[in-house]
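Trainee: Chains A and B supply the protein sequences, listed in that same order.
As numbered in my numbering, residues 1 to 340 make up the first sequence, in order.
As numbered in my numbering, residues 1 to 340 make up the second sequence, in order.
Keep in mind that a hint or two might mislead.
Cβ-to-Cβ under 7 Å is the rule here; a few derived chain B residues that face chain A [unchecked claim]:
1. Lys-78
2. Asp-164
3. Tyr-175
4. Asn-182
5. Arg-198
6. Ser-201
7. Cys-246
8. Asp-248
9. Ser-253
10. Asp-256
11. Ser-340
In case anyone wonders, no lab produced these hints; they're calculated from the structure.
Backbone N, C-alpha and C define an ideal beta-carbon position, used for all residues, glycine too.
Number of protein chains: 2
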Amino acid sequence: MKIAGFDIGGANTDLAVVEFDDNGSIINIRTDFSYLPMWNKKDELSQTLLDLLGKDMDEIDAVGISMTAELADSYQSKAEGVLDISARVMETFNIPVAFVGLNGMKDYESVQKNPQELAAANWIATATLAAHMAPDCIFIDTGSTTTDIIPIKNGTECAKGRTDLERLGTGELVYTGTLRTNVATLVDKVPLKDKWLRTASELFAVTADVHLVLGNITLEDYTSETPDGGDISLENSFLRLSRLLCGDMNLLSKDDVEKIAWFIYQKQVAQVAEALKEVSVREHIELVIATGLGMNIIGSEAAKFLGLEIRTMEEILSKEDCVVAPAVGTALLMEKFQKS
Amino acid sequence: MKIAGFDIGGANTDLAVVEFDDNGSIINIRTDFSYLPMWNKKDELSQTLLDLLGKDMDEIDAVGISMTAELADSYQSKAEGVLDISARVMETFNIPVAFVGLNGMKDYESVQKNPQELAAANWIATATLAAHMAPDCIFIDTGSTTTDIIPIKNGTECAKGRTDLERLGTGELVYTGTLRTNVATLVDKVPLKDKWLRTASELFAVTADVHLVLGNITLEDYTSETPDGGDISLENSFLRLSRLLCGDMNLLSKDDVEKIAWFIYQKQVAQVAEALKEVSVREHIELVIATGLGMNIIGSEAAKFLGLEIRTMEEILSKEDCVVAPAVGTALLMEKFQKS
Numbered sequence: 001m002k003i004a005g006f007d008i009g010g011a012n013t014d015l016a017v018v019e020f021d022d023n024g025s026i027i028n029i030r031t032d033f034s035y036l037p038m039w040n041k042k043d044e045l046s047q048t049l050l051d052l053l054g055k056d057m058d059e060i061d062a063v064g065i066s067m068t069a070e071l072a073d074s075y076q077s078k079a080e081g082v083l084d085i086s087a088r089v090m091e092t093f094n095i096p097v098a099f100v101g102l103n104g105m106k107d108y109e110s111v112q113k114n115p116q117e118l119a120a121a122n123w124i125a126t127a128t129l130a131a132h133m134a135p136d137c138i139f140i141d142t143g144s145t146t147t148d149i150i151p152i153k154n155g156t157e158c159a160k161g162r163t164d165l166e167r168l169g170t171g172e173l174v175y176t177g178t179l180r181t182n183v184a185t186l187v188d189k190v191p192l193k194d195k196w197l198r199t200a201s202e203l204f205a206v207t208a209d210v211h212l213v214l215g216n217i218t219l220e221d222y223t224s225e226t227p228d229g230g231d232i233s234l235e236n237s238f239l240r241l242s243r244l245l246c247g248d249m250n251l252l253s254k255d256d257v258e259k260i261a262w263f264i265y266q267k268q269v270a271q272v273a274e275a276l277k278e279v280s281v282r283e284h285i286e287l288v289i290a291t292g293l294g295m296n297i298i299g300s301e302a303a304k305f306l307g308l309e310i311r312t313m314e315e316i317l318s319k320e321d322c323v324v325a326p327a328v329g330t331a332l333l334m335e336k337f338q339k340s
Numbered sequence: 001m002k003i004a005g006f007d008i009g010g011a012n013t014d015l016a017v018v019e020f021d022d023n024g025s026i027i028n029i030r031t032d033f034s035y036l037p038m039w040n041k042k043d044e045l046s047q048t049l050l051d052l053l054g055k056d057m058d059e060i061d062a063v064g065i066s067m068t069a070e071l072a073d074s075y076q077s078k079a080e081g082v083l084d085i086s087a088r089v090m091e092t093f094n095i096p097v098a099f100v101g102l103n104g105m106k107d108y109e110s111v112q113k114n115p116q117e118l119a120a121a122n123w124i125a126t127a128t129l130a131a132h133m134a135p136d137c138i139f140i141d142t143g144s145t146t147t148d149i150i151p152i153k154n155g156t157e158c159a160k161g162r163t164d165l166e167r168l169g170t171g172e173l174v175y176t177g178t179l180r181t182n183v184a185t186l187v188d189k190v191p192l193k194d195k196w197l198r199t200a201s202e203l204f205a206v207t208a209d210v211h212l213v214l215g216n217i218t219l220e221d222y223t224s225e226t227p228d229g230g231d232i233s234l235e236n237s238f239l240r241l242s243r244l245l246c247g248d249m250n251l252l253s254k255d256d257v258e259k260i261a262w263f264i265y266q267k268q269v270a271q272v273a274e275a276l277k278e279v280s281v282r283e284h285i286e287l288v289i290a291t292g293l294g295m296n297i298i299g300s301e302a303a304k305f306l307g308l309e310i311r312t313m314e315e316i317l318s319k320e321d322c323v324v325a326p327a328v329g330t331a332l333l334m335e336k337f338q339k340s
């Protein structure tokens, strides 16, 4: 059996095509993703799904869908977003389709009755993968935009919050990521030589610039749009970061900017560690399993900062597949749903 | 004599046409402004200047220019920005033109030799107005995007920082304003009922939404673009603010959002008060003169918070003219320069 799992986010749509043998064991995984800003290009969703599938379109038996794109500010409410996205998906495929909900897989009829059930449920899919690695752990998935921190006990997720709104209050969702986060939301002041400087509150630079300058990511990892529309290059990342201080690369040195980038990185790790600590102390779990693009930097560093045991999903997936872990988990959930 | 003063900012271009009698006293002031985002529409600058002038074009004797738009991220450096903007201005007019620099008015020839001198110097123009009201004071100009906090002694500005970069370190520039500031840069957590919730780091809502919901500004004052491209309405401001918590107006009540808006407002006042205190304590000045769109809210509240004496430029200008105080000051400086 061959199953496609899609994770439709606000900025990226991720795909995992997973092939299973008759016993349900995984034979092969192919992953891919496409930058699709749902706040202004939702009309291209259907074509993007087909483009990502390519020739696999003729070979897959079913499609599983998880989503977070209903949060995009082109929608008046989450319910409106879920209904629009699920309708676009249903128009695209004429094979079985089901959706990841907060309480398991749902068919389209259930979705129409209770769209809220699907809102921002993609972490449920990732939990399946983490539970497969360790029955008691906290998984931390640091993507381009957000970080999920989900406790798992006895092989089952036991998150205290269900919706994004609730999870922002329980430490289980931190709205900070490896690429798209506006650095002005991370720091009010930064050190420059012997002084503290206030920062500009514009969208001048993002965490992708920070992590590129620090060598935490490669040019190929920088898959989001640049805030100034400029090219993706090390030089431009330095320039964008200098603007955070109303500076430019005549006024600041590369060394100045590297130190500022390092400071912002530490603030981001501390922000994630604070939430991770909240979950770890509350649930009495000290093993952390990291995934996502930021797993070896933000996720692992936050766990180390707290002295917690740390493993990554690279034990069971390739690095590329870890970046789209929710899509892989969605395919696994869909396979079980098809057989049930 | 009739003089036009322009203040060319990153987001707004402001005009004051000031008519003087033979003794140099002000007979009449007309002000106007236009939303012109210089990061993507700088080619429209010349036409915008002419449109704002209208029929006054045939009557004015000279033009004074101050600017902050060179900071826009369409420019690689401030020098490049100043040279581009000043060249566009010179092409527009065939009457005398001069520019507000950090050390007085400069003709075009001087600008080309030393463009850095002009960068973000518009507060020099506002200082002229404040010194006219009180020889020893701190003026605080809270515009759409930023807040200048400038000490004046014996009728002369004595700011410790000159460039924006320096002023972000001396408390003399706080990059927070009445309309355009991303609220995610102001708060990491907000209170909701009996809980603290983390916030989404997107550009979901701006301070214009906060101040509209609180009745601090009117619909007419909301002259900046909305972050989601939606209409300017009270209802949409509530919706945008609810997204800060990954919520919507089904999940949150108006009362919830009003309390969150009030909390953000207090954080913004505290941020400005911290910088105002730094300047006030350092310079031993306890009289504050507020101007700009936020003068009666952010500026005055910050001064009250510190127990400082507070006056506003409404004593000498209409409320509308206060919003473009740097343009009025620029016209006054140009009149003196013409006569010298």
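Trainee: Confirm or reject each hint.
Mentor: How the hints compare with the structure:
1. Lys-78: holds, 6 Å
2. Asp-164: holds, 4 Å
3. Tyr-175: holds, 4 Å
4. Asn-182: holds, 6 Å
5. Arg-198: holds, 4 Å
6. Ser-201: Where the cut-off is 7 Å and the nearest Cβ of chain A is about 4 Å from Ser-201/B, the hint holds.
7. Cys-246: holds, 4 Å
8. Asp-248: Asp-248/B check passes; min Cβ-Cβ to chain A is 4 Å, inside 7 Å.
9. Ser-253: Status violated, d = 13 Å.
10. Asp-256: violated, 10 Å
11. Ser-340: violated, 31 Å
Hints 9, 10, 11 from the list above are not met by this structure, while the remaining hints are.
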